[in-house]
Amino acid sequence: MIYRNKGSRSTRAGFGEGLLESGILSGEVVALGADITASTGVNLFATQYPGRFFSLGIAEQNGAGVAAGLALGGKIPVFTTYAVFSAMRTLDQIRVSVCYNNLHVVIGGAHAGISVGPDGATHQALEDIAVMRSLPGMSVFSPCDATQARILTRMAILDCSGPVYIRFGREAVPDFTGEELETVPGKAQILRPGNHLTLISTGHMVWEALGAAAILARSGINARVINIHTIKPIDRMAIIEAAQETGFLATIEEHQVEGGLGSAVAEIVVSEVPVRMEMIGIPGCFGESGQPAELLGKFGLTSTQLAVRIERAFRDRENQP
Amino acid sequence: MDLIKTSYYIRGLIIKMLASAGSGHTGGSLGLADVFTSLYFNTINHNPDNPGDPLRDRVILSAGHVAPVLYATLSAAGYFDVSELFTLRKFGSRLQGHPARDKRLPGIETSSGSLGQGLSIAVGMALAARLNNQNFRIYSIHGDGELQEGQIWEAAMSAAHYKLSAITAIVDCNGLQIDGPVDRVMNLSPLRDKWASFGWNVLECDGHNHNEIQACFKLASQNTEAPSVVLAHTKMGKGVYTIENDNRWHGKAPNPEEATEFLCQLNESLKIELSKNQEKS
Ligand SMILES: [Mg+2]
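For the record, the sequence lines run as chains A and B. 47 is the number that the numbering used here gives to position 47 of the first sequence; each next residue is one higher, with no gaps. In the numbering used here, each residue's number is its place in the second sequence (first place is 1) plus 1000.
Isolated chain A (complex conformation) (with noise of 0.2 angstroms):
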C-alpha cells in the first residue's frame, strides 16, 4: 500500500484530541497543566472539562506528584508539558511517586526531537525516550502522526495500565496513516514490505524512511518500514523477523543514538539474530536553534539523505567478504 499525505498536522494536535475523546469516553479522566496548554494541545480538554483540569503553574516536579496522588485516588491522569520538562525534569518523581507504586499516570511529552527548531537545545527533548525506557514498567508510545497520535493517546489513557510517556512533536508533519491502519499498543507496523533490508523508524521520521525507501527503490533496494510507534513493551518478533529475512537493518530517530530506539532494537538483535545495523540519529551531542527543516539536514534525517546514507551502508556491508 503506498501512503500519502491527506495534509499536514502535529502530532501534538492528535494527542489533544486524544485527550479530549477520553474524557468524554471516562469521567474518572483528568488533566493536568504547567502553564503551556495551549501548546500542548491540553487545552481542548481543559475548555471543556474545567472541573477535570488541575492548573498546577510552572513546578513540574510536583505536576508529577499529584499525578500519583490522583491515579492513587482512583483517577487516571494525564500530566503534560515539553519532553524535556515532562520527562526529564521530573525523572525521579516518576520513578517513585509513578513507577515504583506502579500507577496508571499518563505523561504527555510535547515538543520531542530536533524538530522543534528555533527554540534551541534546551526544548530540543533528545534523550526521553532512553530515560523512560529504562524505567520499571513505563510504556513508551511514540506515534508517527496525528492520527496515530490521536489512537495511541486515546489507548494509553483508556486501555492500558502502569505508567505510560507518550512522545509528540510540535511541527505539522504528514498525516498518512488513516483511520484504516489498525493501531495496536505493542504491535509494530510493517507499513511497506521488502526483503533487501529493514527501516526501523519512530515518530516524525516514520514519514521520512517511508521516503528513503521509494528512494532506494530506484536503486534496486527494496527496503522494508516498520513504524515501532511502541518503543517499549517493543515487538520483538517484528525486529527478529526483520533480522531473519532482510539481514540489514538502519533504525531512524530524532533523538539521541544513545539509548533510544536504535539501542531498544539492537538489545534485541545482538541476543537473537546478530545483524548489521546503521544506527541513525543525533550523535550524542545538544541540537541548535533553526528551521525544523534545516536541523533534521544538519542530523541528515531528510528522506534523500538517509536513502544515500543507508544505500552506502548496505553496499559496504554486502561487499564485505
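Hints are not guaranteed to be accurate.
[As the list claims (entries may be wrong)] Facing chain A, a subset of chain B residues (Cβ under 7 angstroms, in silico): (1) Gly1078; (2) Val1123; (3) Leu1127.
[What the hints assert, rightly or not] To give an idea of the chain A side of the interface with chain B (calculated C-beta under 8 angstroms), a few residues: (4) Gln61; (5) Gly65; (6) Ala67; (7) Gly69; (8) Asn195.
Because the hints were derived from the structure by calculation, they are not lab data. On a predicted model such as this, the values are computed, not experimentally measured, just so you know. Just so it is clear, CB atoms sit at the ideal spot from N, CA and C, and this is done for glycine as well.
With the hints as your guide, set chain B with the ligand onto chain A.
Only chain B with the ligand this time, still in chain A's reference frame:
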C-alpha cells in the same frame, strides 16, 4: 495514660526491630512515636481489618527513612502481626528499608524514600477525593530537613491554591539532619512564617505531648479554607536519653548490647512520663 504506654511500646518495638535488622534510622523513628501514637490511636478514621476502605483517612509517610515508626505503629494497631517487624530490611520482607507499596504491606499508602515527594501525592489524593465527593482526611509526614527539597514548596503552593483543607502536613521539627543542625546545613527559619506566607494554617505543638498534638489535629480538621501544617517539636531519639538530640543516631541502628541498654532506658523514661502525667491530673 494509655497513649503514653502505647508510644513507649512502639518505641520498644522500634529498638528491637532495628537491632534485628542491623541498620536503619533510630533517632527520627523514636522522635515521632508520640505523633504516630496520637494519629493512629486517637485521631484517624481507619480499620486495620479493612485497610482498603475507600473512606479511610490516608497517612503518607513522606520521610520514608523513619519507616520503623510506621511499621511498629501499624503492627501495634493490628494491621499485621508484630512478629513480622523482625523481617525489617531483610531479603523477601514486606518491610522494606523504605516503604514500598508493591510489597502490599497493609496500611502502606504509597512508596516513599526519595524526600520531598509525599506532599504532592497528598495534593493529588485531595483533588481526587474532592472530585469523588469523599471527605476523608490526608496526613503527610515530613522531616524538617526534608523541607529543603524544592518540591515541598511547589506542593505547598498548589495545596493552598486549591484550598485543600483535607490535608494536614506534619513536620517532625527535631532541628537535626544527618550532617548536623538543620540551621547550619541549610537554614529553614522562619519556618512558621514560610508556611503562613504560602497560605497554610500553621499550628505548633510539643511533639511529645499527646494533648497538644491532638489539639492541633482537631484545629486542622476544623479549618475548611486552607491546608494545615503541624510543626511538631520533637527530640530525635526521644525516650533513650543517652542518644536524645544526637544526630549521629539519625541513620544508625543499635547493636544487641546497645538495644538492651536502650530498652532499659525506655522503661525508665516511661515511668518518669507516667508519674509526671499523674502529677498533672
Ligand atoms: Mg530532622
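For each hint, the structure was consulted:
Contact between Gly1078 of chain B and chain A, as hinted, is not supported at the beta carbon level, the nearest pair being about 23 angstroms apart and thus beyond 7 angstroms. Annotation: interface hint on Val1123 of chain B holds; nearest CB of chain A at approximately 5 angstroms, less than 7 angstroms. At a threshold of 7 angstroms, the smallest CB-CB gap from Leu1127 of chain B to chain A is about 6 angstroms, leaving the interface hint in force. A least Cβ separation of about 4 angstroms between Gln61 of chain A and chain B falls short of the 8 angstroms threshold, and the interface hint therefore holds.
Because the smallest distance between the Cβ of Gly65 of chain A and any Cβ of chain B comes to about 3 angstroms, under 8 angstroms, the interface hint for this residue holds. Hint status for Ala67 of chain A relative to chain B: holds, with the closest Cβ pair at about 6 angstroms, below 8 angstroms. Interface restraint check: Gly69 of chain A against chain B, minimum CB-CB distance 2 angstroms, threshold 8 angstroms, status holds. Taking 8 angstroms as the C-beta cut-off, the interface hint given for Asn195 of chain A is violated, the closest approach to chain B being about 45 angstroms.
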